[in-house]
Amino acid sequence: MRNRQATQLIFELSRPGRRAARFPRPDVPQTEASALLPADALASAPPPLPEVTESDVIRHYVNLSTLNMSVDTHFYPLGSCTMKYNPKRHERWARLGGFGDVHPYQTESRLQGMLGILYEMQQMLGEIAGLPAVSLQPAAGAHGEMTALLVAAAYFRERGEKRTKVIFPASAHGTNPASAAIAGFDCIQLPPSANGFVDLDRLSEHLNDETAVFMITNPNTLGLFEKDIAEISRRLHEVGGLVYIDGANMNAILGITRPGDFGGDMMHYNVHKTFTGPHGAGGPGSGPIAVRDFLAPYLPGPIVVRNDSAASGKSVYSLADPEKSIGRVRSFFGNVGILLRGYFYLRTLGPDGVKQVSEQAVLNANYLLAKLIDVLNVPHGNRCMHEFVASAKSLVERRGISAMDLAKRLLDYGFHAPTVYFPLVVPEAVMIEPTETESRETLDAFAEAIHQIVEESPELLHQAPHSTFNSRPDDVSAARKPVLKWTAAGT
Amino acid sequence: MDPSQLKFAKTHEWVQVAEGVATVGISQFAAGQLSDLSYIELPEVGRQVSAGEDCGVIETVKAASDLYAPVSGEVVAVNSALEDDYDLLTSDPLGKGWVIRVRMSDPGELDALMDSNAYQAHCDSEAH
Amino acid sequence: MSYLFNTPEQQQAMLHVIGADTLDSLFDPIPERLRLTRPLDLPPALTEVELEADLSRRAALNVGVSRQISFFGGGVYDHFIPAAVDEVTSRGEYYTAYTPYQAEASQGSLQAFFEYQTLVCQLTGMDVANASLYEGGSSLVEAAMMAMRVTRREGKIVVLQSVHPEYRQTLSTYLTHLNCEIVEIPTPAGAVDVDRVRDAVDDRTACVIVEHPNFFGGLEAVSELADAAHARGALLVGSFDPLSLGLLKRPGDLGVDIATAEGQSLGIPMQYGGPFLGILACREEYMRKMPGRIIGSTIDRQGRNCFVLNLQAREQHIRREKATSNICTNQGLLALRATVYLTLMGPQGLREAAELCCTRAHYAAERLACVPGLKLASSTPFFKEFTLTCDGDVGELVEKAARAGFGLGPTLNRFPGQFDASLGSALLVAVTEKRTRDEIDRLADALSA
Numbered sequence: 007m008r009n010r011q012a013t014q015l016i017f018e019l020s021r022p023g024r025r026a027a028r029f030p031r032p033d034v035p036q037t038e039a040s041a042l043l044p045a046d047a048l049a050s051a052p053p054p055l056p057e058v059t060e061s062d063v064i065r066h067y068v069n070l071s072t073l074n075m076s077v078d079t080h081f082y083p084l085g086s087c088t089m090k091y092n093p094k095r096h097e098r099w100a101r102l103g104g105f106g107d108v109h110p111y112q113t114e115s116r117l118q119g120m121l122g123i124l125y126e127m128q129q130m131l132g133e134i135a136g137l138p139a140v141s142l143q144p145a146a147g148a149h150g151e152m153t154a155l156l157v158a159a160a161y162f163r164e165r166g167e168k169r170t171k172v173i174f175p176a177s178a179h180g181t182n183p184a185s186a187a188i189a190g191f192d193c194i195q196l197p198p199s200a201n202g203f204v205d206l207d208r209l210s211e212h213l214n215d216e217t218a219v220f221m222i223t224n225p226n227t228l229g230l231f232e233k234d235i236a237e238i239s240r241r242l243h244e245v246g247g248l249v250y251i252d253g254a255n256m257n258a259i260l261g262i263t264r265p266g267d268f269g270g271d272m273m274h275y276n277v278h279k280t281f282t283g284p285h286g287a288g289g290p291g292s293g294p295i296a297v298r299d300f301l302a303p304y305l306p307g308p309i310v311v312r313n314d315s316a317a318s319g320k321s322v323y324s325l326a327d328p329e330k331s332i333g334r335v336r337s338f339f340g341n342v343g344i345l346l347r348g349y350f351y352l353r354t355l356g357p358d359g360v361k362q363v364s365e366q367a368v369l370n371a372n373y374l375l376a377k378l379i380d381v382l383n384v385p386h387g388n389r390c391m392h393e394f395v396a397s398a399k400s401l402v403e404r405r406g407i408s409a410m411d412l413a414k415r416l417l418d419y420g421f422h423a424p425t426v427y428f429p430l431v432v433p434e435a436v437m438i439e440p441t442e443t444e445s446r447e448t449l450d451a452f453a454e455a456i457h458q459i460v461e462e463s464p465e466l467l468h469q470a471p472h473s474t475f476n477s478r479p480d481d482v483s484a485a486r487k488p489v490l491k492w493t494a495a496g497t
Numbered sequence: 002m003d004p005s006q007l008k009f010a011k012t013h014e015w016v017q018v019a020e021g022v023a024t025v026g027i028s029q030f031a032a033g034q035l036s037d038l039s040y041i042e043l044p045e046v047g048r049q050v051s052a053g054e055d056c057g058v059i060e061t062v063k064a065a066s067d068l069y070a071p072v073s074g075e076v077v078a079v080n081s082a083l084e085d086d087y088d089l090l091t092s093d094p095l096g097k098g099w100v101i102r103v104r105m106s107d108p109g110e111l112d113a114l115m116d117s118n119a120y121q122a123h124c125d126s127e128a129h
Numbered sequence: 006m007s008y009l010f011n012t013p014e015q016q017q018a019m020l021h022v023i024g025a026d027t028l029d030s031l032f033d034p035i036p037e038r039l040r041l042t043r044p045l046d047l048p049p050a051l052t053e054v055e056l057e058a059d060l061s062r063r064a065a066l067n068v069g070v071s072r073q074i075s076f077f078g079g080g081v082y083d084h085f086i087p088a089a090v091d092e093v094t095s096r097g098e099y100y101t102a103y104t105p106y107q108a109e110a111s112q113g114s115l116q117a118f119f120e121y122q123t124l125v126c127q128l129t130g131m132d133v134a135n136a137s138l139y140e141g142g143s144s145l146v147e148a149a150m151m152a153m154r155v156t157r158r159e160g161k162i163v164v165l166q167s168v169h170p171e172y173r174q175t176l177s178t179y180l181t182h183l184n185c186e187i188v189e190i191p192t193p194a195g196a197v198d199v200d201r202v203r204d205a206v207d208d209r210t211a212c213v214i215v216e217h218p219n220f221f222g223g224l225e226a227v228s229e230l231a232d233a234a235h236a237r238g239a240l241l242v243g244s245f246d247p248l249s250l251g252l253l254k255r256p257g258d259l260g261v262d263i264a265t266a267e268g269q270s271l272g273i274p275m276q277y278g279g280p281f282l283g284i285l286a287c288r289e290e291y292m293r294k295m296p297g298r299i300i301g302s303t304i305d306r307q308g309r310n311c312f313v314l315n316l317q318a319r320e321q322h323i324r325r326e327k328a329t330s331n332i333c334t335n336q337g338l339l340a341l342r343a344t345v346y347l348t349l350m351g352p353q354g355l356r357e358a359a360e361l362c363c364t365r366a367h368y369a370a371e372r373l374a375c376v377p378g379l380k381l382a383s384s385t386p387f388f389k390e391f392t393l394t395c396d397g398d399v400g401e402l403v404e405k406a407a408r409a410g411f412g413l414g415p416t417l418n419r420f421p422g423q424f425d426a427s428l429g430s431a432l433l434v435a436v437t438e439k440r441t442r443d444e445i446d447r448l449a450d451a452l453s454a
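If you read the protein sequences in the order shown, they are chains A, B and C.
Sequential numbering of the first sequence, starting at 7, is according to the working numbering.
Sequential numbering of the second sequence, starting at 2, is according to the working numbering.
Sequential numbering of the third sequence, starting at 6, is according to the working numbering.
Read the hints as simulated data drawn from the structure, not as lab findings.
A few of these clues could be false.
Stated by the list, open to error - To give an idea of the interface, some chain A residues facing chain B are shown, with a C-beta separation under 7 angstroms as derived from the structure:
no., residue
1, D481
2, V482
3, A485
4, R486
Stated by the list, open to error - Cut-off 25 angstroms, straight-line C-alpha distance, at most; resulting in silico cross-link-like pairs (DSS-like, lysine-lysine):
no., chain 1, residue 1, chain 2, residue 2
5, A, K168, C, K380
6, C, K327, A, K171
7, C, K294, B, K63
8, C, K294, A, K487
Where is the CB? At the ideal position from N, CA and C, for every residue including glycine.
Just chain A, with the same shape it has in the complex (with noise of 0.2 angstroms):
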């Protein structure tokens, strides 16, 4: 039922002439621009945008949004990314006047009500990490690590060592190593071990007085808890290194335990995933960092502090920088969107709701995985975290079908697809986070599919997805001669 008329490209509906939004004449004395700057500074023409009236734009944007998959429709058991409910009345409360609508250069005494909100936003991250010092201002989980890789190079440099090595398990995601890299550290990537948690004697030959910093997701990216946590960070800690804990996986272990308690000197929130600011597609993300308080000095600014008027009685909020802080990482201050998104979730779970997330969200994987493990092999064992990852290896050695196939194939059956082919120490990884917001019927109904699917004609999953409207892109011919925008035929 695609309608192919109004999902053309938004050029190809465009007929000169047509237009959506009309301003009035200027109300001043000097109406004409032309009059006011200088020639040379001038366009002919305004840029050459498409034409079209308001209801093209509706009827377009609204029927092209019926070609995704999204968690408002389905089932999104996308690995390492925490694809959870996005609860409707944070959207209302977001839009409010006076959150929605306010400037980031009012004064302080107009503001009192979302800086008292960050301020306990920072208490509240602060809390549930462990690390008591929190800055807001990191956009997105890997500009988190970038910000925390940047304050643990301002504290070496202050102390005056010389540390210019970053570990990571060959488990990471891209973004650490990546990170590490525009922070201006060396790489070293562990081998995978056998077991999928860090080997300690492997680690322990890379740690000296030239170590930064060791970065580690945990629960990792297998989805198992670091069982040798602490003592990991004993070894980082006895060569003078530091602990960062990459938190894209919080979503298993609030209240629980806390990175602060298990050993991480730093880390990130990824507040779309654990709190669930909506994902939009692929951001906008929110990537606070908390740090134990000798890496307070150094965080960016600016930072919300409270003070107590005992005259009053009343708290005043304002905003500071910290006394060596690397300095901005952005400009204006975070991504408040999400942060207060975040803050209305925590607020609505209180202490004893968010350790419940965890603790569903632990429920869910397991019984997916009891569910499945029968079909997938998964090759670390038949316990897990807040996700796991299957593979698909005997599969395509078998019947010839591979995690992509499956992937594909599940979109017929009205899910959407599980992580593929990361993290890459597992061989046609196949990664399943189903999260807490998902009833069991949903997990029982998912986990049927995969059984049919697995019995299916492999040709017929070759060729899959057979029910969107589009079958696989070729990626490759994409690549080779991309095309990123639309030209008018004949140019």
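Given chain A, put chains B and C in place with the hints provided.
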């Protein structure tokens, strides 16, 4: 091209030297690892490279590998035929799929490279 | 708990399938001594109705633009947002989807982002654009680092002091560890003297960075700066106000090599500074050096057009430490807002809005310069924003405006050490298409009183 006439780097480039100019390409083994080539980035002619320096990129849709200069010197030619036909790199890596030519500044560096037997052993060990 | 999906009975049955006795036993892999043995110290849970009451009270403590008339500037503006922008972007199919890894199940977002890239090219006159970065400041920094890759020069970056102070601070944070000299060119006249830039650019220089209109609101001699940069093999990186392009020449027509912008003006609410939209576009030859996600058009197995994530071999999930950037997300939902906004505006709408901004800003400048104690800081031509210097206490002036219901600022003393000391009592005034002559008159009267 007969592999026994070539020298190899651990990073899977081959070198053949004539009159102080090294022709560089990628080995059969490396070419065999590539499928769906999507882009080859070559250094500009005139660029000074040093042995072990990355001087180009070979991309497939899902992976990217660096091309490392096996010897130091000035890039005096690049194989522009590759830009029109990426598949030359995989179909004839030791011949029409050569990548760059470098006027060597230190011919002694050749001693650090492997002969074809040693390289074969290196590939066997990497495959495991 | 508000978002519990399985009943206690279901949970028991699920544990049975797992072969576990209790929920708690699922956490056995976490060593006992690492466990938190107390409840988290967080505020108590609230229901929807309770929390809404609390939040409404706290929102009311902030004076948003619904309760004051905004002349705020400094990179974030109270522009008009057509209703259709909210209508489209409120669809869960867009905002609750993620990165379009499965192209067949994400054609809606992918096509919208392809359209976004095209619209950015049309708007800027550049050849190619990515699918967005975090915000204007980090985009400018990404562009500078991209210029270093393109030119293979890491020695020097020349940046005008008229570039947004927070963008400049972000640049210096990112480049701390590089042996790269950042040379700031003073702009006491409100715009740069091109000769000073020409003198500063040398063979080690990766790029010159300009903002146009600049932080003070003034227009820069962009074409001449491009010539100055190119003469020494450096690139020109330019940050633009997208709305100004309804009137002003586009970066692509001015010799800019990499254009960036803060896209907040394109239908994005101010929300205390983020999330916003980082725009980045460049010349075709630098396409593969771009950071961030890029969407491409291709065909499927039936030969039908479709869209995919393209040129992924540049990105962190493949290239890891050698990626063009560590960025993983784009600002998808904000890029969608900008897309819908630009299609609603069209060429005529964009021009009309730009003309309103420009003509009303000039009227406002004239009126406010007549207020005793205030004068224009420079005679540099400007678009929608200008700088006033104040004889008295500039903080008091802002308070006076606020008491009369007007939002003014930022004052430049907000950015200590970033500008010439003579601007210590200066402030920015921005006039968008939403401000009327009447509002401007009332502001001038209030400040004169």
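Outcome of the hint check:
Hint on D481 of chain A holds. Least Cβ distance to chain B is approximately 5 angstroms, under the 7 angstroms limit. This hint holds: V482 of chain A has a C-beta 5 angstroms from the nearest C-beta of chain B, less than the 7 angstroms allowed. With a cut of 7 angstroms, the hint placing A485 of chain A at the interface with chain B holds, because the nearest CB-to-CB distance is about 3 angstroms. Interface restraint check: R486 of chain A against chain B, minimum CB-CB distance 5 angstroms, threshold 7 angstroms, status holds.
The straight-line distance between the Cα atoms of K168 of chain A and K380 of chain C is roughly 51 angstroms, outside the 25 angstroms bound, and the hint therefore fails. A C-alpha spacing of about 15 angstroms is found between K327 of chain C and K171 of chain A, which places the hinted pair at or below 25 angstroms, so the restraint holds. For the given pair, K294 of chain C sits about 17 angstroms from K63 of chain B by alpha-carbon distance, which is consistent with the 25 angstroms threshold. At roughly 16 angstroms between alpha-carbon atoms, K294 of chain C and K487 of chain A fall within 25 angstroms of each other, so this suggested pair holds.
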